[in-house]
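**Q** Build out the structure end to end from the sequences listed, making use of the hints.
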Amino acid sequence: GAVVSQHPSRVICKSGTSVKIECRSLDFQATTMFWYRQFPKQSLMLMATSNEGSKATYEQGVEKDKFLINHASLTLSTLTVTSAHPEDSSFYICSAPPGLAWGDTQYFGPGTRLTVL
Amino acid sequence: AQTVTQSQPEMSVQEAETVTLSCTYDTSESNYYLFWYKQPPSRQMILVIRQEAYKQQNATENRFSVNFQKAAKSFSLKISDSQLGDTAMYFCAFMKRGGSNYKLTFGKGTLLTVNP
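Protein sequence lines correspond, in order, to chains A and B.
Reminder that position 116 of the first sequence reads as 118 in my numbering, one-by-one numbering, no gaps.
Reminder that position 65 of the second sequence reads as 149 in my numbering, one-by-one numbering, no gaps.
Any given hint might turn out to be false.
Quick list of in silico lysine-lysine cross-link-like pairs, PhoX-like style, CA-CA up to 25 Å [what the hints assert, rightly or not]:
| hint | chain 1 | residue 1 | chain 2 | residue 2 |
| --- | --- | --- | --- | --- |
| 1 | A | Lys66 | A | Lys22 |
| 2 | B | Lys157 | B | Lys180 |
| 3 | B | Lys187 | A | Lys22 |
| 4 | B | Lys187 | A | Lys57 |
| 5 | B | Lys157 | B | Lys192 |
| 6 | A | Lys66 | B | Lys187 |
| 7 | A | Lys43 | B | Lys139 |
| 8 | B | Lys162 | A | Lys68 |
| 9 | B | Lys180 | B | Lys162 |
Restraint ranges, calculated between C-beta atoms of paired labels, are given here [as the list claims (entries may be wrong)]:
| hint | chain 1 | residue 1 | chain 2 | residue 2 | range |
| --- | --- | --- | --- | --- | --- |
| 10 | A | Gln62 | B | Ile130 | 24 to 30 Å |
| 11 | A | Gln31 | B | Gln98 | 43 to 49 Å |
| 12 | A | Glu89 | B | Thr89 | 40 to 46 Å |
| 13 | A | Lys68 | B | Thr144 | 40 to 46 Å |
| 14 | B | Gln98 | A | Glu65 | 44 to 50 Å |
| 15 | B | Ile130 | A | Lys66 | 46 to 52 Å |
| 16 | A | Pro42 | B | Ser164 | 40 to 46 Å |
| 17 | A | Tyr60 | B | Lys139 | 32 to 38 Å |
| 18 | A | Ser7 | B | Ala100 | 31 to 37 Å |
| 19 | B | Ser164 | A | Thr82 | 40 to 46 Å |
Everything labelled a hint here was simulated from the structure, so no lab data went into it.
Treat the numbers as computed from the prediction; the structure is a model and nothing was measured.
Glycine included, each C-beta is placed from N, C-alpha and C at the ideal position.
**A** Okay, structure coming up:
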């Protein structure tokens, strides 16, 4: 199947700093990528849809200025958590749909665990 | 808007036995996909099985099969010959077919534990 990578897998930072998480599609081009947030033992919550070459579309209740998304190329989307605080600690997952030729579904990155001290 | 409901927060099964996870959904769309994803303790989301709504035949992938009842808007997952490696959170998901949407709507998940 299609491969999606994320980096870093784990990050610990101090309150007030910014953290960047990368999501890459390794063997296909992705004009669209999705960013999710997941709390322990809960479902995935869609934060935003990342569109290559245009602005991201954020879900209701997600702070655009807090979670900056940049989809700079057909294989890379980044999520920057700005001025992180302990309540931003969570598991962040990206996904990408390779398209019809790959079965018209989404493939997920391995996730990034963010801990804000 | 679509909704996906998984009414079983937790389930357990003995190794080698069969277990069925329930999922119901609500939509006004006629053309869509349904999925079951597995999330083991590593937290990597893994596609288990996919069903296209226009296909009447139930999808099957080795030990995993679905019972898709379109009129009842029901999409259950049957795991046969359960293995310890099947221990995971299982999410049912809906996706509208067509266009460039690809947005998934997830259920809350069922935590499945396979006991030795």
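**Q** Hint by hint, say whether it matches the structure.
**A** The hints, checked one at a time:
1. Lys66/A / Lys22/A: 15 Å, holds
2. Lys157/B / Lys180/B: Distance ~14 Å between lysine 157/B and lysine 180/B Cα, so the pair holds.
3. Lys187/B / Lys22/A: Status holds; Cα separation ~23 Å.
4. Lys187/B / Lys57/A: Roughly 17 Å between the alpha carbons, so the hint for lysine 187/B and lysine 57/A holds.
5. Lys157/B / Lys192/B: Within the cut-off at roughly 17 Å; holds.
6. Lys66/A / Lys187/B: Distance of about 19 Å is within 25 Å: holds.
7. Lys43/A / Lys139/B: Between lysine 43/A and lysine 139/B the Cα gap is close to 33 Å, so the pair fails against 25 Å, i.e. violated.
8. Lys162/B / Lys68/A: 41 Å, violated
9. Lys180/B / Lys162/B: Cα-Cα ~23 Å, so holds.
10. Gln62/A / Ile130/B: 24 to 30 Å: Taking Cβ atoms as reference, glutamine 62/A and isoleucine 130/B lie about 29 Å apart, which means the hint holds.
11. Gln31/A / Gln98/B: 43 to 49 Å: With a Cβ separation near 45 Å, glutamine 31/A and glutamine 98/B satisfy 43 to 49 Å, so the hint holds.
12. Glu89/A / Thr89/B: 40 to 46 Å: For glutamate 89/A and threonine 89/B the Cβ distance comes to about 28 Å; the hint is violated.
13. Lys68/A / Thr144/B: 40 to 46 Å: 44 Å, holds
14. Gln98/B / Glu65/A: 44 to 50 Å: 46 Å, holds
15. Ile130/B / Lys66/A: 46 to 52 Å: Cβ of isoleucine 130/B to Cβ of lysine 66/A: about 31 Å, so the range 46 to 52 Å is violated.
16. Pro42/A / Ser164/B: 40 to 46 Å: 30 Å, violated
17. Tyr60/A / Lys139/B: 32 to 38 Å: 34 Å, holds
18. Ser7/A / Ala100/B: 31 to 37 Å: Since the Cβ atoms of serine 7/A and alanine 100/B sit about 35 Å apart, the hinted range of 31 to 37 Å holds.
19. Ser164/B / Thr82/A: 40 to 46 Å: Given a distance of about 45 Å, which is inside 40 to 46 Å, the answer is holds.
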